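Protein chains: 2
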Amino acid sequence: MKIGRYSVEEFAELVRSFHGNAAPGVILGGFMVDAALQRVPEGRLYDAMCETYRCLPDAIQLLTPCTVGNGWLKVLNLGRFALTLYDKFEGNGIRVFVDSEKICAWPEINDWYYKRKKKAEQDLERLLEEIKAAGAGTCGFESVQVKAGLLKKEERGGMATCPKCGEGYPSRDGSLCCACQGETPYSNTASSV
Amino acid sequence: MKIGRYSVEEFAELVRSFHGNAAPGVILGGFMVDAALQRVPEGRLYDAMCETYRCLPDAIQLLTPCTVGNGWLKVLNLGRFALTLYDKFEGNGIRVFVDSEKICAWPEINDWYYKRKKKAEQDLERLLEEIKAAGAGTCGFESVQVKAGLLKKEERGGMATCPKCGEGYPSRDGSLCCACQGETPYSNTASSV
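Those protein sequence lines, which keep their order, are chains L and H. Note that the first sequence covers residues 1 to 193 in our numbering. Note that the second sequence covers residues 1 to 193 in our numbering.
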C-alpha cells in the first residue's frame, strides 16, 4: 500500500518530522489525500479545501502542492474530517470524507473518530494498524461544486503604512490596520527589544 | 548566513519543494523565523502566531515544530507581515515584523513590500539578492503578551453524527454540523461517486 509516492512507513516518518508525531489523523489523512489525487483528472490545476483544522491540513500540505502560505489550501473550521480537491477555475471537484457507516467495521477507528476513549485509554498501535489496513476503505467520495465566491482570487490591492503601529497593511482594510482597529491578539502595549 | 540549520540556498530549495517556488516572502520569512528562534529562551515550549496568510505561514511550518494541522500555529488575517513565538502556557513572546523604516535602505524590498510594482515589473533576482543581503536587518522586534483567551486549549468535547449529512462533527456545534447549518462551501447537492 502506498500514500502518494511514499510507502506507509516513509510517509509516517515524514509526518513525524513535519507534524511532530505520527498522529493517526495525519496518517488517515494521507490515505484520504492519496485517494482524492487518484480521482483528479491528469493535468488539472487544483486547489484544496479542508473542513477541519485537526491533522488533515498537514496531510494535504505534505502530499499536494497546496499549502496555507501559498494560498492553494483553504482551511474551514467546519469540524468535519473531510477535504476537497477542486479545479481552481471551475470549482468542480472531488470531496473525500470519513464514512461513519464504513468505519463501523473498524472498532478502534470508530472509537477514535467519535472520541469515545480518552487519549490515555487509546491503543495507539492497534489504531494505527487499523488505519493502515483500512487505507481509504473508511472513506466516502462525492462530486462537489465549490461556491463561486470562494474561487475568486483576492484582489492584490495597494499597501499603506498604518499611522498607529507604523507597519505596512492592505489599504482596503481602512485608515488603520486590522490589528490597530481592535483585532490585535496582544494584551500589552508592545515594547521594542 | 544561515536560516535555521540550513544555508540560504538549502532553505530556498526546501521552500521550492514545499511552497512551489522560492517566493521572496518565504525567504524573508525564513530570516524572520530564524531571528525569532534565536530570541526564544532555551527549552521553552512555544506556539506560533502569524499575522498574514501570505507566505509567512510556510516559513514558520518549515522552521519550527508549529504547523496548522498540529494546532501550534495560528494564522490571523491581519495583513501585517509579522509573526510571534510565545510561551504556550504564559503567553509572553517575541514578535518579529518588517520595519517600514529599516526597509527604506533596500529599494527592491521596499517596492515589493509596498506592492509598488506589478509582478511582471519586479526584478525578482535583485529582490532576492537584497533579501539575502539584508537578512533580519529589515526587521523590528517587540516583547508581546498574547491575550489569555487565545492561550486556552480548545475543549476536546464529544462527537455526534449529523442527522443531515451523516458525518461525525463536534456535538457542541449544535443539532447539525456547521456545514449543514449553512456554512457549506459547496453550491450543489453533493452526489456520491
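It is worth saying that the hints were derived from the structure and are not from the lab. The structure displayed is predicted, hence computed values, not measured ones. Incorrect hints may have been included.
Because identical chains share one entry, a pair is satisfied inside a single copy or across any pair of copies.
[Stated by the list, open to error] In silico SDA-like links for lysine to any residue, alpha-carbon gap of 25 Å or less: (1) K147 <-> Y6; (2) K102 <-> Q38; (3) K152 <-> G4; (4) K147 <-> N21; (5) K152 <-> K164; (6) K88 <-> A134; (7) K118 <-> C180; (8) K74 <-> W106; (9) K88 <-> R126; (10) K119 <-> Y6; (11) K88 <-> K147; (12) K132 <-> D173; (13) K102 <-> A133; (14) K152 <-> Y114; (15) K147 <-> S17; (16) K74 <-> R39; (17) K2 <-> M159; (18) K74 <-> E155.
Taking the numbered hints from earlier one at a time, note which ones the structure violates and give those numbers from smallest to largest.
Violated hints: 1, 3, 4, 5, 6, 7, 8, 9, 10, 12, 15 and 17; rest satisfied.
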